[in-house]
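Student: As a plain string of letters, each chain reads:
There are 2 protein chains.
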Amino acid sequence: MAFHLLQHDRHAALQIARALEHAVSSIKHCDLCNTLTEQDICRTCSNAQRDRSKLCVVETPADQAALERTLAYRGLYFVLMGKLSPLDGIGPHDIGLQKLFDRVVPKDDAGLLMPVESREVQEVILATNFTAEGEATAHVISQALKSRGVQVTRLARGVPVGSELEYVDLGTIAHALVDRR
Amino acid sequence: MAFHLLQHDRHAALQIARALEHAVSSIKHCDLCNTLTEQDICRTCSNAQRDRSKLCVVETPADQAALERTLAYRGLYFVLMGKLSPLDGIGPHDIGLQKLFDRVVPKDDAGLLMPVESREVQEVILATNFTAEGEATAHVISQALKSRGVQVTRLARGVPVGSELEYVDLGTIAHALVDRR
Ligand SMILES: [Zn+2]
Ligand SMILES: [Zn+2]
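Line order of the protein sequences matches chains A and B. Residues in the first sequence are numbered from 1 upward in steps of one, following the UniProt record's numbering. Residues in the second sequence are numbered from 1 upward in steps of one, following the UniProt record's numbering.
Chain A on its own, in the form it takes in the complex (with noise of 0.2 angstroms):
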């Protein structure tokens, strides 16, 4: 790519220069949901027919996405921006689980936790991935937030809708078996 904007095509790699430059400079994460954004507060946190009692937790904004095609959520995100990776040596600073609890369990005027009834959040829904990473992750906010009254749910695993049996997983098929309704 860089070759061709090289030999043929000049004008564009001054643009695409010039556009790098502007968002390193313009884009920085919302005060509320972490997202990346140009305003201090993102489109969909200050959008007012959203249903703000609802929290949901993700990955990523591709997984915010994912999550908004379905049109069957109208709370509000969090997205982490990452998760939490021992491996890789990305422990909960490095993701923005402290700026999530400030979120849902913000405190008052005097600095002290505010109570269950007075919070803005009433439920958080955990949207992480199904990997391993994406599962311990959810396990460490699940755990904190529940230790402060927080209602925690998580995105249902099962089969997927329009498969056969047969050629789904084991795990997925055992997962199924124990969360059946």
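Check each hint, because a few of them may be wrong.
If chains are identical, the list can't say which one is meant, so a pair holds when it fits in one copy or spans any two.
What the hints assert, rightly or not - Here are the computed lysine to any residue pairs in the SDA-like style, where the Cα-Cα straight-line distance is at most 25 angstroms: (1) 107 <-> 16; (2) 28 <-> 7; (3) 146 <-> 180; (4) 146 <-> 2; (5) 107 <-> 133; (6) 107 <-> 170; (7) 54 <-> 163; (8) 99 <-> 110; (9) 146 <-> 133; (10) 54 <-> 167; (11) 146 <-> 161.
Don't read these hints as lab results, they were simulated from the structure.
Given the coordinates of chain A, work out where chain B with the ligands should sit on it, guided by the hints.
Tutor: Only chain B with the ligands this time, still in chain A's reference frame:
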């Protein structure tokens, strides 16, 4: 395959013919679970170690095998040997529905339906495929059994173990959201 046998291995052809003949004359349906077997009652149904209060309904022996591989289920099975498919002209009489109903809600000596507490099967787990036809089949069975006081559950629908939300289809994510736990 036929050409190969006739040209190079007429002995094997004869063996296949005899095996097929034997199968046709000796393989029948298990009296209890409807699967294919050479006995009156198949090996699974006659296994005294299994939990006889749970009955898992599957479409085919291959689906039963998939569930068995998980080692997560110790109950018994009922194999429909098909699924409802009105477009193909396959109705309730073409699959083992009546046999299933008689199995779950048997009649007593006086010809009356047994009351819940004297029935062997206490829970029916619907494990038909998560396709349109499998869902329709599950729906019909569920309606019929619930109206006779049977506890009916369905394998959980949701996000498969090990997968990343970004690559999961919309319908599955929407279900996982609705069925969050
Ligand atoms: Zn935001
Ligand atoms: Zn049997």
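Student: Which of the numbered hints above does this structure break?
Tutor: Checked against the structure, the hints that fail are numbers 1, 2, 4, 5 and 6, while the rest are satisfied.
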